[in-house]
Amino acid sequence: MVPNMVPRRSEPSKNPMDGVVEKAKAALLMEYEHVGAVDIAVWVSRYPEHRDELIDFWMWVKGTPRSAEMTGAPFPAADSDVIESALRDACLAVNLGRQWMEAPVDPSTMVVQEMARALDAIRAKPRLKGGKAPVGFRRAVVWTWIVCLFQDRRSHASRLAVQKVTYLLENAMNLGLFTEHTRKPLGPYDHKARYRDAEPIAVKKGWLDVQGTTLRATEKASEVQRFVGRYLRSEALAAQVVRYLVGFSDEELEVIATVHWTVKELTNLGRVVSVAAIVSALAETPQWQAKLQRQAYSATLLGVALRRLQELRLAPTQ
Amino acid sequence: MELLRPEKSSAEIAALPALGTTQCLAHVRLHGPAFAAETIVYLLRKALDLHDALFFELCARLLVGSEQSAGYWQGGHCEGVVVNLAKSFGFLTRAQTMREFRTRCHSQMWKAIHDGGSFWEMRFGMAFRRKCIEVARALVRDASEASRQGSFSSTSGGAIPDVDQIAHPEQVLVDDEVAARLSNPIHQGVVLAAVRRLPRRQGAAALLAWIEKRSIEGSGSGTVSTLMGITPRGVRLLLAKARRTLQTDPAIRAIWFGEA
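Line by line, the protein sequences give chains B and W.
Everything in the first sequence is counted per the numbering used here, starting at 3 for the first residue and increasing by one.
Everything in the second sequence is counted per the numbering used here, starting at 836 for the first residue and increasing by one.
FYI, nobody ran anything at the bench for these hints, they're computed from the structure.
Everything numeric in this text was worked out from a predicted model, so none of it was measured.
It is possible that some hints are incorrect.
[As the list claims (entries may be wrong)] Once the Cα atoms are required to be at most 27 Å apart in a straight line, the calculated DSSO-like pairs of lysine-lysine come out as:
#1 B:Lys222 x W:Lys966
#2 B:Lys64 x W:Lys966
#3 W:Lys946 x B:Lys64
#4 W:Lys966 x B:Lys25
#5 B:Lys25 x W:Lys946
#6 B:Lys194 x W:Lys946
[Said to hold, decoys possible] The calculated label-pair distances, taken between Cβ atoms and stated as ranges, are:
#7 W:Leu927 x B:Asp83: 15 to 25 Å
#8 B:Ala29 x W:Gly1064: 30 to 40 Å
#9 W:Ser1054 x B:Asp83: 20 to 30 Å
For glycine and all other residues, C-beta sits at the position ideal for the given N, C-alpha and C.
Could you build all of it, start to finish, from the sequences and the hints given here?
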């Protein structure tokens, strides 16, 4: 557990969505380089499951200069400080590890503030009903997509972590998808997602491979990329939120989700939200009072979790 | 996609003295400035395996070049790609955007070199170009997304619409003259730049229908509807929205109405 509960970076692992589509994009760019034009219809027919990404990528490749069309040196030395800085970090990472090149995540930075502001704005707007897909299918798509984002940063995702992220994402964006969480010993838990729809559908579709409590997205999981944008109120913002949350350990996610649940209850009862009130509420809750014996639920770390929620505007500031 | 190392790079690697020796260091110092980028990436990866930060730095310098006292960048294999793509995306005239673009391109390149992946050793130029294009895409999308933050909704990203939200056909159809103007290569840079700022699916529909002049529906696999995997009505709504947004851009309005 990192004492100040700041999301940490870890070695990224392979996102199954990346393999095929990344190779396809590389090949498309090669064709553009050699021929000077690309018939995107051919590429879409070759990789129909990646049509959206290929068309989008082509939009960005089209019109860019090919090697032969590029103007040569000399180039004025602009921004040499950033080039030197990147080079220096790459050299330091030889011995300090790749994570040295990752920018440290400071939750008090502008990025989180901006994210919180955007979440506020999206929650303030009414949710529009759109599309005909059953809710279970939507939940399976978003569930799988979250596992894929986990795999950008971790070798796999635990069910506990995905449960907590869906809970926090729902509360952050008011998606209307993951509203079935109930109080369980390890924090808010959505049993329907586990047993009835999200996970079973994702497994049946071949998107997820489940081994015990470990979820792994398969190559087929790239299919969800076609749908997920329709079920999230803003895919970019949702991805930003999930990537932020993935930086926390499973235990930290459990603490944050539990604190959020408790804060909501305190707010509904019209009580003041404070660390002391959270400790007291946990102590009064039979299912959760044992949590207070754990180091992760010390007053200090509960305070840090509350601060993280306040930074995201998911808890009131006093 | 099987790729072989370029011939020049293969020959250079074959001529290298044993890695980690002082002879190798001297050899790279002497011949490095003329090495193919693929050879340098190979050496960088070897330096990583050996945890040899000094050798890594030597090779890294060969890959990116260095600033000369005359105020120009000399050597390296990166700056040309960065500058040419930046020019194509219209970043050169915006100092802050250009700086961000350059920062991200270099940072992403180093991460990719640390991560491994044979493509960088086989076709460095293509791999770096692809990375830079991805960076530009993210940069423009982030900025466009930020400007739309106040209007997040379930369809703000160009998601598939409900059928009862379909626009009138006349809002969507573009007559032949307008279509010809939009797809005119002279205007391609301006139109593409505007289309890239649209939400993703609106941009895709506009690219296919107006820049590539593909029909919305019909037989064959090359229609916008077939390519995007949505109904013609869905395409029309995306185009109606795209049209409304594009026409707020004075440069696009000028092209649209034949005043450019």
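Now the hints, each set against the structure:
Restraint check for Lys222 of chain B and Lys966 of chain W: satisfied, since their Cα atoms lie roughly 24 Å apart, inside the 27 Å limit. Distance hint between Lys64 of chain B and Lys966 of chain W is fulfilled; the C-alpha atoms sit about 15 Å from each other, no more than 27 Å. Under the criterion of a C-alpha separation no larger than 27 Å, the hint pairing Lys946 of chain W with Lys64 of chain B is consistent with the structure, at around 26 Å. Under the criterion of a C-alpha separation no larger than 27 Å, the hint pairing Lys966 of chain W with Lys25 of chain B is consistent with the structure, at around 13 Å.
Between Lys25 of chain B and Lys946 of chain W the alpha-carbon distance is near 18 Å, which keeps this suggested pair within the 27 Å criterion. Using a Cα cut-off of 27 Å, the hinted pair Lys194 of chain B and Lys946 of chain W is violated, with the two alpha carbons roughly 40 Å apart. Restraint check, Leu927 of chain W to Asp83 of chain B: a C-beta distance of roughly 18 Å satisfies the suggested window 15 to 25 Å. Evaluation of the 30 to 40 Å hint for Ala29 of chain B and Gly1064 of chain W yields a failure: the beta carbon distance comes to about 21 Å.
Evaluation of the 20 to 30 Å hint for Ser1054 of chain W and Asp83 of chain B yields a failure: the beta carbon distance comes to about 57 Å.
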